[in-house]
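With chain P fixed as given, assemble chain A onto it according to the hints.
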Amino acid sequence: MGKKILMKGNEAIGEAAIRAGCLNYFAYPITPQSEVAEYLAKRMPEVGGVFVQGESEVAVGYMIFGASGAGARVFTTSSSPGVSLMSEAISYIAGAECPAVFVNIIRGGPGLGGILPSQGDYFQATKGGGHGDYHMLVMAPASVQEAVEMVMLAFPLAEKYRNPVMILGDGLIGQMMEPVEFPDDLRTEPTNKDSWATSGMKSRGSSKRNLVKSLYLDPTQLNDHNLNLKSKYDQMKAEEVRYERYNTDGEYKILIVSFGTMSRVCRTAIDLLKEEGIEVGMIRPQTVFPFPDAPIRDAAVKESCKAVISIEMNMGQMVEDVERCVKGQRPVHWYGKCGGDVPTPEEIMEVIKERL
Amino acid sequence: MAKTFKKPEALSDAHTHYCPGCTHGVIHRLVAEAIDELGLRDMTVGIAPVGCAVLAYNYFTCDFQEAAHGRAPAMATGIKRVRPDLIVFTYQGDGDLASIGMGEIIHAANRGEKFTAIFVNNAVYGMTGGQMAPTTMPGQRTTTSPAGRDVTATGMPIRMAELLSTLKTPSYIARQAVLRPKYITKAKKAIKKAFQYQMENRCFTFVEVVSTCPTNWGMSPLESVEWAEKTLLPYYPLGEFKTPEQEEQDAA
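Listed in order, the protein sequences are those of chains P and A. Count along the first sequence starting at 1, add 527, and that's the number in the numbering used here. Count along the second sequence starting at 1, add 1229, and that's the number in the numbering used here.
The set of hints was computed from the structure by calculation and includes no laboratory data. A couple of the hints might just be wrong.
Claimed, not checked - Just a sample of chain A residues kept apart from chain P, beta carbon distances all over 12 Å, derived:
| # | residue |
| --- | --- |
| 1 | Ala-1376 |
| 2 | Val-1380 |
| 3 | Thr-1444 |
To be verified - Between beta-carbon pairs, the in silico distance windows are:
| # | chain 1 | residue 1 | chain 2 | residue 2 | range |
| --- | --- | --- | --- | --- | --- |
| 4 | A | Gln-1475 | P | Thr-558 | 42 to 50 Å |
| 5 | A | Thr-1373 | P | Thr-747 | 27 to 35 Å |
| 6 | P | Leu-799 | A | Gly-1341 | 56 to 64 Å |
| 7 | P | Gly-638 | A | Gly-1384 | 42 to 50 Å |
| 8 | A | Asn-1430 | P | Pro-556 | 24 to 32 Å |
| 9 | P | Val-574 | A | Glu-1266 | 35 to 43 Å |
| 10 | P | Asn-755 | A | Pro-1473 | 53 to 61 Å |
| 11 | A | Gln-1360 | P | Leu-744 | 19 to 27 Å |
| 12 | A | Thr-1373 | P | Asp-745 | 25 to 33 Å |
| 13 | P | Gly-638 | A | Asp-1314 | 37 to 45 Å |
| 14 | P | Leu-749 | A | Ala-1376 | 37 to 45 Å |
| 15 | P | Pro-637 | A | Val-1380 | 35 to 43 Å |
| 16 | P | Pro-717 | A | Leu-1451 | 52 to 60 Å |
This structure is a prediction, so every number in the text was calculated from the model and none was measured. All C-beta atoms, glycine included, are put in the ideal place defined by N, C-alpha and C.
Excised from the complex, chain P in its bound form (with noise of 0.2 Å):
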């Protein structure tokens, strides 16, 4: 480990990609997530990177592919409606089994929404945002020494499955400042892709050409190629998971299931209530996919649990898939806000204290 340093959290973000070993970054300036471009802008022609301002994010998404399909480790970052623009490369590259690592540093929406911090894209990110059958590995930090690691270990699970892979972060984690260190054992050298990347045939010494593409016209092999990308989901559903326990080692009435900064918030309001006497248990996911779903099942039927909350900064997206784990044998309820107006500790003791 380096020395700790205090970093906002978005200059952190950029700092890790090229402490990861990636030096191509292309980003397109969008709130709550511009300083990682004006770090970067300022940092990769230090470290003899490559640096370049696209005219939008779509253009952005596609400067992405071409680098990745080429070879190169690349990764952007963006904020909510820049990921949806974003969405239509994503679902390109996941057909074309591209890696690379996209940042999402969530604002409120729908539409402009707001520039205040938001868990609104848990669907985006989980579920799609662009066309097809894909999916993106999502993982969730919830401080700025997390993001960092997290980001770290993005570039080699991208080449890993040569799937993107999503760092979902809010507005908080991009804008508060911490403490971080970068762990020098994150750093990792790029995969040998002259296996599929036009990379030239002469520079990778083959005669054999190399095609990215993701166009399947005969159905038959279109269905294959989906067969193929499924069992990396598959695979990342059982090699992937990560998650972190809080409080779940002895008894408790309620369990709460929260990622991101709201997850800080309910770890004080359980923290809380332990003086309180009352006991709640909290499992939050650090992948949101692939999902916990066996941890949070577990946790949700322990015969002192009586019902599950999951609590998020959106109008309730995550619960889906807590609903989806627990099977009906738990109630499970949901409670939110969105705009940037986080709940409180306060807050979120309250609506442990309607359940119990």
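Only chain A this time, still in chain P's reference frame:
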């Protein structure tokens, strides 16, 4: 006996899917000849558009990527920025480049991205079945302008070569045709020049190629050539609109 004429190495043996009388095959060949003659095949990445040439990658033997509709210039930007040592070209039709991809082509040209765009202008959407394109001529009948293009409602056809020539950064912008052998020779020269400038690390290079679409024009191949000469060429004049040499002369 000595072989005096052969298929370029950069072209594959795939059977064509293009319609009889279509000029895409000729343009593919010109690009392949240029790639062969300059010895670029093993360091070239082509980008196929969405449109009739979506399967262009079946006919070339170099690395290829397939873009979404209109986005080839953004993909070329991505490739060329991370791998400046590669030779990159896009191959795009008029719906792809001049309609849905207008933003991408203008900005790639203006940033001076060091790739070559081959722009096939046949005044109509081909693959989707002959709809009106930004390049469709006034009065020209298409499936979405059944009474002929009404310019009071749809504007005049866009002249891409001229439009891009208003930008300061691009180094080479030309328009040629493939209607008859005399035009084909010049088109070949322009395409080869564009690749040569790219090899010299010059900014954005662009060759518009006026071509035909007998199927969607509802004409025989011969009638198509005659119609294109009579109708398209007066509005889409051939020649070089921007060359590095001219630029240097003007600067001096």
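Outcome of the hint check:
1. Every CB of chain P lies more than 12 Å from the CB of Ala-1376 of chain A, the least distance being 33 Å, so the non-interface label holds.
2. Every CB of chain P lies more than 12 Å from the CB of Val-1380 of chain A, the least distance being 28 Å, so the non-interface label holds.
3. A cut-off of 12 Å between C-beta atoms confirms that Thr-1444 of chain A is not in contact with chain P; the least separation is 19 Å.
4. At roughly 43 Å, the beta carbons of Gln-1475 of chain A and Thr-558 of chain P sit within the given window of 42 to 50 Å.
5. The beta-carbon spacing between Thr-1373 of chain A and Thr-747 of chain P, approximately 33 Å, falls within the hinted interval of 27 to 35 Å.
6. A beta carbon spacing of about 59 Å between Leu-799 of chain P and Gly-1341 of chain A agrees with the range 56 to 64 Å that was offered as a hint.
7. The supplied range of 42 to 50 Å is broken by Gly-638 of chain P and Gly-1384 of chain A, whose beta-carbon atoms lie about 29 Å from each other.
8. Between Asn-1430 of chain A and Pro-556 of chain P the CB atoms are about 29 Å apart, so this pair conforms to the stated range of 24 to 32 Å.
9. In this structure the hint that Val-574 of chain P and Glu-1266 of chain A lie 35 to 43 Å apart at CB holds, the actual value being about 39 Å.
10. For Asn-755 of chain P and Pro-1473 of chain A, the hinted distance range of 53 to 61 Å is not satisfied, since their beta carbons lie about 46 Å from each other.
11. Separated by about 21 Å at the C-beta atoms, Gln-1360 of chain A and Leu-744 of chain P satisfy the suggested range of 19 to 27 Å.
12. One distance hint, 25 to 33 Å for the beta-carbon pair Thr-1373 of chain A and Asp-745 of chain P, holds here, with the actual separation near 29 Å.
13. About 43 Å separates the C-beta atoms of Gly-638 of chain P and Asp-1314 of chain A, a value consistent with the hinted range of 37 to 45 Å.
14. At about 39 Å, the CB distance of Leu-749 of chain P to Ala-1376 of chain A agrees with the hint of 37 to 45 Å.
15. The beta-carbon spacing between Pro-637 of chain P and Val-1380 of chain A, approximately 38 Å, falls within the hinted interval of 35 to 43 Å.
16. Between Pro-717 of chain P and Leu-1451 of chain A the beta carbons are some 54 Å apart, a value that agrees with the proposed interval 52 to 60 Å.
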